[in-house]
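Participant: Sequence:
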Amino acid sequence: MTKLFLFSLLVLCLQTNAQNKDSYWSVGVNPLGLVELTQAIGPCGSYRISPSFEAWSEVSYLFAGRNRINDWKNLQGYRFIFQTRYYYNRDKTFFIASEFRLKHYAYNTAGSFINPVTSDTLLSYPYHASQLLLGGALVFGGQVVLSYKHQLYLEMTTGLGAKHRRIKRTKFPGGYQYFYSRTRQAFDLSYDDDDTGALYLPIGFRLIWKLN
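In terms of this note's numbering, the sequence shown is numbered consecutively and its last residue is 236.
No lab work stands behind these hints: they were computed from the structure. Yeah, the Cβ is synthetic: ideal placement off N, Cα and C, and Gly gets one too. Each hint should be verified, as a subset may be incorrect.
For lysine-lysine, the following DSS-like pairs were computed, each having C-alpha atoms within a straight-line distance of at most 30 Å [unchecked claim]:
no., residue 1, residue 2
1, K127, K173
2, K173, K234
3, K127, K97
4, K195, K97
5, K97, K173
6, K116, K173
7, K127, K192
8, K195, K127
9, K97, K187
10, K127, K234
11, K234, K116
Ranges of calculated distance between the beta carbons of each label pair, as one might list FRET restraints [stated by the list, open to error]:
no., residue 1, residue 2, range
12, S154, S74, 38 to 46 Å
13, L184, V59, 16 to 24 Å
14, L147, N236, 38 to 46 Å
15, H128, L176, 30 to 38 Å
16, Q175, S154, 21 to 29 Å
17, N132, Y172, 45 to 53 Å
18, Q100, L225, 18 to 26 Å
19, A130, V168, 34 to 42 Å
Could you build all of it, start to finish, from the sequences and the hints given here?
Facilitator: Structure below.
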C-alpha cells in the first residue's frame, strides 16, 4: 500500500510541469456519505494538472446517524482520501486512480473484560475506544455532464482495495484485558477485530463543479 501511494506521488510530481490552459480546479460533495454506517459529510476538491492527469482529495467529518454500528455511542471522527488519476479515453471522462485512505473515529461502548490472573470477568463494562484504518485501492471512475452551462458533473467511482484496522481501548480497570469471541464465517465483517486487514470496495457518487 505504501509503495502504491509513493508511486502515485511520484507520477503527480512528474506531471506538475505539464500545466497548460487545460488546467483547472473542481469542487464537489458526496451525498451518499449521509447513508454510510459511519455517516460522512465534507467537501472534495481536485486540480486537473493536464487533460490526462488529476490530483483529487476529500476530507469528511464522521458521526453516528440512524445506522448505528453495534451499540456504539457518541461516535466522532474524520476520513481523508487522496487519489492520483489518469484519464485514458479520448474525451477525458473516464479514469483509473490509485487511492490512499485514512480513517479515524472514537466512540463509547461496552464489552467483556477478563483478568488473566484472577480469572475475574466483567460483563457489559462501559469503555472508550478509537479506531485507525489505513487503506489503499485501485479505483475506476467516470464523469457524466449534467449541465454544460453550470459546469456540473456527476462522478461515479468503484474499485477494490485493502485496509488495516487498529483499535485502542481505554477507561477500563487495570489488569483486565478485552475479551472478544465470535464464530468466524466467510465474508463476515467485524468492527471489533484489532490489528487485522480486510478488503474494501470504494464506491462513490459525487456532484462535481468545474470552477474555471
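Participant: Of all the hints given earlier, name the ones this structure violates by number, lowest first.
Facilitator: Violated: hints 1, 5, 14 and 16.
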